[in-house]
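Assemble chain X onto chain C, guided by the hints.
There are 2 protein chains.
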Amino acid sequence: MTKPDSKRSSVALVTGKPANAAEEQVNNGSSDPSVSGSPHHALTPPTPTKHKSAKQVSRDNLSRRNTESEVFDDGTNTFFWRAHTVTVLFILTCVLVYVTLLEETPQDTTYNTKRGIVASILVFLCFGVTQAKDGPFTRPHPAYWRFWLCVSVVYELFLIFVLFQTVRDGRQFMKYIDPKLGVALPERDYGGNCLIYDPGNTTDPWHNIWDKMDGFVPAHFLGWYIKTLVIRDWWMCMIISVMFEFLEYSLEHQLPNFSECWWDHWIMDVLVCNGLGIYAGMKTLGWLSMKPYQWQGLWNIPTYKGKIKRMAFQFTPYSWVKFEWKPASNLRRWLAVLGIIFMFLLAELNTFYLKFVLWMPPEHYLVLLRLVFFVNVGGVAMREIYDFMDDPKFYRKLGQQAWLVAAITVTEFLIVVKYDPRTIMLPIPFFVTQCWFLGIVLILSWTLWRFFIRDITLRYKDARRRKQEVTGDCGRPHGNGGTATPSGRSKLNGISESLRHRKS
Amino acid sequence: MTKPDSKRSSVALVTGKPANAAEEQVNNGSSDPSVSGSPHHALTPPTPTKHKSAKQVSRDNLSRRNTESEVFDDGTNTFFWRAHTVTVLFILTCVLVYVTLLEETPQDTTYNTKRGIVASILVFLCFGVTQAKDGPFTRPHPAYWRFWLCVSVVYELFLIFVLFQTVRDGRQFMKYIDPKLGVALPERDYGGNCLIYDPGNTTDPWHNIWDKMDGFVPAHFLGWYIKTLVIRDWWMCMIISVMFEFLEYSLEHQLPNFSECWWDHWIMDVLVCNGLGIYAGMKTLGWLSMKPYQWQGLWNIPTYKGKIKRMAFQFTPYSWVKFEWKPASNLRRWLAVLGIIFMFLLAELNTFYLKFVLWMPPEHYLVLLRLVFFVNVGGVAMREIYDFMDDPKFYRKLGQQAWLVAAITVTEFLIVVKYDPRTIMLPIPFFVTQCWFLGIVLILSWTLWRFFIRDITLRYKDARRRKQEVTGDCGRPHGNGGTATPSGRSKLNGISESLRHRKS
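Read top to bottom, the protein sequences are chains C and X. Here the first sequence is numbered in the numbering used here, starting from 4 and rising by one per residue. Here the second sequence is numbered in the numbering used here, starting from 4 and rising by one per residue.
Isolated chain C (complex conformation):
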């Protein structure tokens, strides 16, 4: 962490923590005492010239104050937090001199091409890890998140390249990464019955259940535990979890491995694996939003136990923001939440379809790497999207990681469509179409009612009530008429109302 960042973070405190990505920034990178030593008090008094901004600030405050943890940081700056740009440049130069001048270049063009590409990627990572823009997260180290940002860029460029190849070339291209790839997958048999107690099998009538108890159970659990930490909302997690089972039902005519027994869908997946994962996730979220965020330098801690605890806590977040998605609060948030759920489900489907069209065996390490990648970038992206939504103005940028994750999800989907349009276009069963149609109609009509019809009704009622009050108030002296109108419409705009009171 460098000085300018910490300055920015101190400002985040001055301006009452506006909905800006800086508030999880550390000021670890600076020993500047203006940052440590509770800058709250040092810089707080807003002078009269700052009227309008103070109003904006407190509006931000209202929506944010309760969802954010307070942070105390003694601003100790260790070696690991200093900038090492020149050091990295020097080491890079030395490595390049050694590899390219002192080692003999092999005469194999293919090998050199591969080596050149790998070297380019490594140099890009060197640059990015030292120099890329910091995201909202800073624990265990900002460089860790810069690394994953750069990996996203490389992955997205790889996907774009694959997208521009013919289907045959694209599949064969995977051979460059692993010679075992580029081979059509064998057809799998997903037959069998769905009896929980199978009397036909004399050796073990419960075999159907034991069959399902494979490595995917802890994987599902862990996956949903992490997803809960990413989404930070019980309702959204449950909706996505259930929606995905519906998607599996709807798409089992395209990908046979989506077809599962009913109890596998609802009991094993939704209830047991996902449910427990979400439950554990929510417990962790509770702990994270309650735990004290006190960052002391390791050398300022007297006891060994404290030191070890501090080291372990380095792997917990620097501060915490509870997500309050509030989808029903306005149309923009509602559409945004729908969009997030859509993209989330699309990314989940891509996992399966991409394997299918690029002929990747499910147990291949690239599949696992992709998941590890998404675990790391997903959290950052979701936080950036939340910050972006939370911003009352449109000036803010969508965070870089969120931008990339969106681009990656779209590119992956385009690859799926391009590489296997036939599977994607397989006619959907009539019953499934009906269900989806019904669902979409329901959502649309709720949207219409909530954000258009209800609004008009409320406004009408509000106007009528006001009119009545004006006629009733006529005799009384003019004063705080505004306060006496706790109408439905004002309740909707509750925040701005109370703001005006705060200011006065």
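Treat the hints as calculated values from the structure; they're not laboratory data. Be aware that one or more of the hints could be misleading.
The list makes no distinction among identical chains, and a pair is therefore deemed to hold if it is satisfied within one copy or across any two copies.
[As the list claims (entries may be wrong)] Quick list of in silico lysine-lysine cross-link-like pairs, DSS-like style, CA-CA up to 30 Å:
| hint | residue 1 | residue 2 |
| --- | --- | --- |
| 1 | Lys325 | Lys312 |
| 2 | Lys215 | Lys286 |
| 3 | Lys215 | Lys183 |
| 4 | Lys325 | Lys310 |
| 5 | Lys215 | Lys329 |
| 6 | Lys183 | Lys117 |
Coordinates of chain X only, in the frame set by chain C:
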């Protein structure tokens, strides 16, 4: 420009403009009134808790205050300054859908590979131009400088790839960019005599001079004009200009096109082209450091003439920092300035050697593109290096563009060494070796004298004088003894001395 940036810029003002890259940042991206409306006064009063930081700040001030222009900005925010992250993402998606799904993919693997690489680069530029970290410059638009940053990344990765190929493959690889490349350059005849007035030629005895009056004369002039704007220092420009002619003398046994007539070296190049270029550059620098930096929104200007003037001024810097390199002030700055001159000359030499080893004809458009590229990134890089040097602490990062330019220069040089070690290793004539040896010895001994011997001498004198004063002061009452010691050593530390006075 986005909100957080503008916040940062307002802080730069609050904390008395520390030597941080933010001070050329616009607050254009924000209509937040806390930023406009002279935040100097709104937030200035430093409370007692900020003691130490105030001291640091004023030290920064002392070195910076006189070299920086004052900026007035009404903070008007136009469409062009808003973030367009989501728009860019949407357009990108549409283009990808069109190109990859609606157009038929050609069956030509080579063509597709090229197309895939170009598409990856374009997507990277899309990402970078909207999302990369901003540098110190903001006019005409921050996206312009983000674009060049991304181009640097692409260029550096290209160079790394070329570096890892065999010499043959690397030269043939250029064919993918332009099929005319990858062909050995014809030997050129650089013979002829050096007579200014050539009586042997009866038609035109001045032909030698007219021969030199080609497109390179305005190119040299323009080049040095821009270099002066980049370096912003008369002395450094002259030293680099003269040094380069010495390098041409020293290396003409390697690259024949370095051999020129003596009057071509010293009169045409150094005096006429470079000299006039530097002169014009210094005049422009004077204007830039004097001109008022008042930024009004286009719609706030009443007259048409004013509007047009404002539009033209969009292409001038947002604010101005006079560079004061002060190489003799301390060892670190001295070594840094030597390093900068070294890297600058290396980059200039690379222009010629790279053409030579990669078989690029001098008139090829890639050669010109490389120069345009360096013109654009050089200014940013130099400013970042200046900021980095100016920082009293070591916490600051070397700017991203400076990092990349350094990496590019090194990589280019490594390519030259790898691709043609024979030419580089051609034995240097004895006379030339002697001259360089002498030069290096002179620099080393000056360094030794200036930063080690002179320092020790001054310290010794200082100690002696103090001793004498103490014996002289013995009778007088103890008071402001410190103030009465304007010794040589204190003069060296003049800044910190005067600081202590400022504080008290």
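Results of checking the hints against the structure:
1. Lys325 to Lys312: within (24 Å within a copy, 49 Å between copies)
2. Lys215 to Lys286: within (27 Å within a copy, 80 Å between copies)
3. Lys215 to Lys183: within (28 Å within a copy, 62 Å between copies)
4. Lys325 to Lys310: For Lys325 and Lys310, only the intra-copy Cα distance (28 Å) is at most 30 Å; the inter-copy one is 47 Å.
5. Lys215 to Lys329: neither (37 Å within a copy, 74 Å between copies)
6. Lys183 to Lys117: both (17 Å within a copy, 25 Å between copies)
Violation of the numbered hints given earlier is confined to hint 5; every other hint is satisfied by the structure.
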